[in-house]
Amino acid sequence: DAGVIQSPRHEVTEMGQEVTLRCKPISGHNSLFWYRQTMMRGLELLIYFNNNVPIDDSGMPEDRFSAKMPNASFSTLKIQPSEPRDSAVYFCASSFKGLGENNEQFFGPGTRLTVL
Amino acid sequence: AQSVAQPEDQVNVAEGNPLTVKCTYSVSGNPYLFWYVQYPNRGLQFLLKYITGDNLVKGSYGFEAEFNKSQTSFHLKKPSALVSDSALYFCAVGGGFKTIFGAGTRLFVKA
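Protein sequence lines correspond, in order, to chains E and W.
Numbering-wise (the numbering used here), the first sequence opens with residue 637 and increments by one.
Numbering-wise (the numbering used here), the second sequence opens with residue 20 and increments by one.
Quick caveat, the hints were computed from the structure, so don't treat them as lab data.
Any given hint could turn out to be false.
[To be verified] Footprint (simulated), chain W over chain E, 3 or more residues, beta carbon under 8 Å: (1) 650-659; (2) 683-694; (3) 700-706; (4) 743-752.
Heads up, the beta-carbon is just placed ideally off N, CA and C, and yes, glycines get one too.
Pulled out of the complex, with its shape left as it was, chain E reads as follows (with noise of 0.2 Å):
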């Protein structure tokens, strides 16, 4: 199994441009995670889905962020615009949920963003 796919690995934009992160979380997999990570705010949850819908969107910053995953193999992440305090590493993980469950993530290598 390949693992938790992101991409791109690293991102540089300028200030107002449009943003798009994508994430291929590991098959048979029903749950997926969106995780921003900073030195000053560590790893905060911004959205996750459970099978292709979403459950929890209230770590989303601003309404500038949004998510869908149109299917069970693919999520995007979208700033829009972006501006410079976004710059992280925006990380996606996947699990399998069962009722009553609460299994481990496994995150994907995380796409590095720096906005100018």
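Place chain W on chain E using the hints.
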């Protein structure tokens, strides 16, 4: 509400010595408890978890963790530290859909 605390920002230990990274939690009901490790420029990697059963849980790379219900703690331990264990360690508590991660503890193992 669930919460998890890692009281130490950093732990320093000499190679070959035992190490402990501390974690305390707060959760209603039975907890799912996890430890993850993050090496530089990598995503978090799962080390071990506690659901039910034995209070001592064994995981990857020789790590183990001790669940203590009365102290609401889940400390990570290793009998003999390696320089390669130097990394950022996260404790996490899960329930329902959500997993709450601690702030992380940076472990430095000196040769």
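Quick rundown of the hints versus the structure:
no.: 1; hint: 650-659; in the structure: violated (count 0)
no.: 2; hint: 683-694; in the structure: holds (count 4)
no.: 3; hint: 700-706; in the structure: violated (count 0)
no.: 4; hint: 743-752; in the structure: holds (count 4)
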